[in-house]
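**Q** Each chain is listed here by its residues.
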Amino acid sequence: MTVVFQIPELETDRLRMRAPTLGDWPALSDFYASDRSKFVGGPMTAEQTWRTLATETGHWALRGFGRWALEEKATGDYIGNCGLWEPDGFPEMELGWDLLANATGKGYATEAGAAARAHAYNTLGRTTLMSMIAPGNAGSKAVATRLGAAYDKMFTHVTFGEVEVWRHPGPDAL
Amino acid sequence: MIGAADIPTVQTERFVMRAPQLSDLEAYTAFGSSYRSVGVGGPFTEAQSFQRLAALIGHWSLRGFGRWMVADKDTDEPLGVVGLMYPSDWPEPEIAWTVFECAEGKSVAYECALAARAYGYETLGMKTLISCTMEGNTRSEALAQRMGATRDADFTHPDYGVMRVWRHLPPEALS
Chain A
0 MTVVFQIPEL
10 ETDRLRMRAP
20 TLGDWPALSD
30 FYASDRSKFV
40 GGPMTAEQTW
50 RTLATETGHW
60 ALRGFGRWAL
70 EEKATGDYIG
80 NCGLWEPDGF
90 PEMELGWDLL
100 ANATGKGYAT
110 EAGAAARAHA
120 YNTLGRTTLM
130 SMIAPGNAGS
140 KAVATRLGAA
150 YDKMFTHVTF
160 GEVEVWRHPG
170 PDAL
Chain B
0 MIGAADIPTV
10 QTERFVMRAP
20 QLSDLEAYTA
30 FGSSYRSVGV
40 GGPFTEAQSF
50 QRLAALIGHW
60 SLRGFGRWMV
70 ADKDTDEPLG
80 VVGLMYPSDW
90 PEPEIAWTVF
100 ECAEGKSVAY
110 ECALAARAYG
120 YETLGMKTLI
130 SCTMEGNTRS
140 EALAQRMGAT
150 RDADFTHPDY
160 GVMRVWRHLP
170 PEALS
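First to last, the protein sequences are chains A and B.
Note that the first sequence covers residues 0 to 173 in numbering that gives the first Met the number 0.
Note that the second sequence covers residues 0 to 174 in numbering that gives the first Met the number 0.
Treat the hints as calculated values from the structure; they're not laboratory data.
Don't be surprised by glycine CBs; every beta carbon is placed ideally from N, CA and C.
One or more of the hints may lead you astray.
Claimed, not checked - Across the chosen pairs, the derived CB separations fall in these ranges:
no., chain 1, residue 1, chain 2, residue 2, range
1, A, Ala137, B, Asp71, 50 to 56 Å
2, A, Ala117, B, Asp88, 34 to 40 Å
3, A, Ala117, B, Ser22, 25 to 31 Å
4, A, Thr122, B, Ala141, 33 to 39 Å
5, B, Val161, A, Thr126, 49 to 55 Å
6, B, Glu91, A, Ala32, 20 to 26 Å
7, A, Gly160, B, Glu76, 34 to 40 Å
8, A, Phe159, B, Val161, 30 to 36 Å
9, A, Val3, B, Leu173, 28 to 34 Å
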């Protein structure tokens, strides 16, 4: 007997959302080595990033959903991660996004976030969704705002400390 | 849909080695929070144990092999984690074992490590395998020796420090 777990592929106008692979590791390591990762658990070493990549993939098997690797269709380049995340310690399912430094300013997080949110509502049948954002993370708040989300409340995460919970419009409002 | 990982089930004489799953989290968290995890970098918080359980599965996806949850053949109760491990900061693929407290003294690690070694050699075609132990983990060292492994040059891990490398018998010595 073999246990297989699968990661569905999504497509948006400009992005392919696919399973994370080992090929994403060098670029993801650069992201986690940089200051950009300070709001999402970094910075961390390349070795710690390798385990994070394994965790991202395995989350799909444990929860039946997870985060996709984002690939720019025009170039085939890996440009970040986005998807649904609910590890132990999270109050509910979260919609999250991380973009590599060279992929910002193009609306990719908003585009991928909308597709992941639609997956949560339409495929998984969820009725609400939030994003947890570090208080100083203005870039992510701008993405959340573009997605129609609004500040809901504070939450104290065991590792990240105080974070803001941004509530997305429900399926009916979309 | 694309397959993210195929995790085969391996039967040993007394145990089943299967894909880790969410129902193993309680046992894995209990192990991670106990003194028993000190030899593998612990203790770990509940949140870390979830991430590590996910990473056990994700390793299969990244490498095409990994570690199994060892379970009781009748009850499926998780007894430990044994298999082949090769994260980026490891010198080469290793046979790794962890046994939960409830399964102590039943030679779970020995029986399943032999199965993992056979899987590495026979199914994956590997030519050599090691096991790494942290200083003071005399029980794991005794198990490596019981399997016929011998000391090789030490390896210095960036976080765990100096680790002893045990070189397992090669495939040709087992046939």
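**Q** Each of the hints needs a verdict: does it hold here or not?
**A** Do the hints match the structure? See the list:
A hinted range of 50 to 56 Å for the beta carbons of A/Ala137 and B/Asp71 is consistent with their spacing of about 52 Å. Here the CB-CB span from A/Ala117 to B/Asp88 is close to 38 Å, well matched to the stated 34 to 40 Å. At about 30 Å, the CB distance of A/Ala117 to B/Ser22 agrees with the hint of 25 to 31 Å. In this structure the hint that A/Thr122 and B/Ala141 lie 33 to 39 Å apart at CB is violated, the actual value being about 50 Å.
At about 53 Å, the CB distance of B/Val161 to A/Thr126 agrees with the hint of 49 to 55 Å. Our hint of 20 to 26 Å for B/Glu91 and A/Ala32 holds, since their Cβ atoms are close to 25 Å apart. Between A/Gly160 and B/Glu76 the C-beta distance comes to about 36 Å, which sits within the given range of 34 to 40 Å. For A/Phe159 paired with B/Val161, a C-beta distance near 33 Å keeps the hint of 30 to 36 Å intact.
At roughly 30 Å, the beta-carbon separation of A/Val3 and B/Leu173 lies within the given 28 to 34 Å, and the hint holds.
Checked against the numbered hints given earlier, this structure breaks only hint 4.
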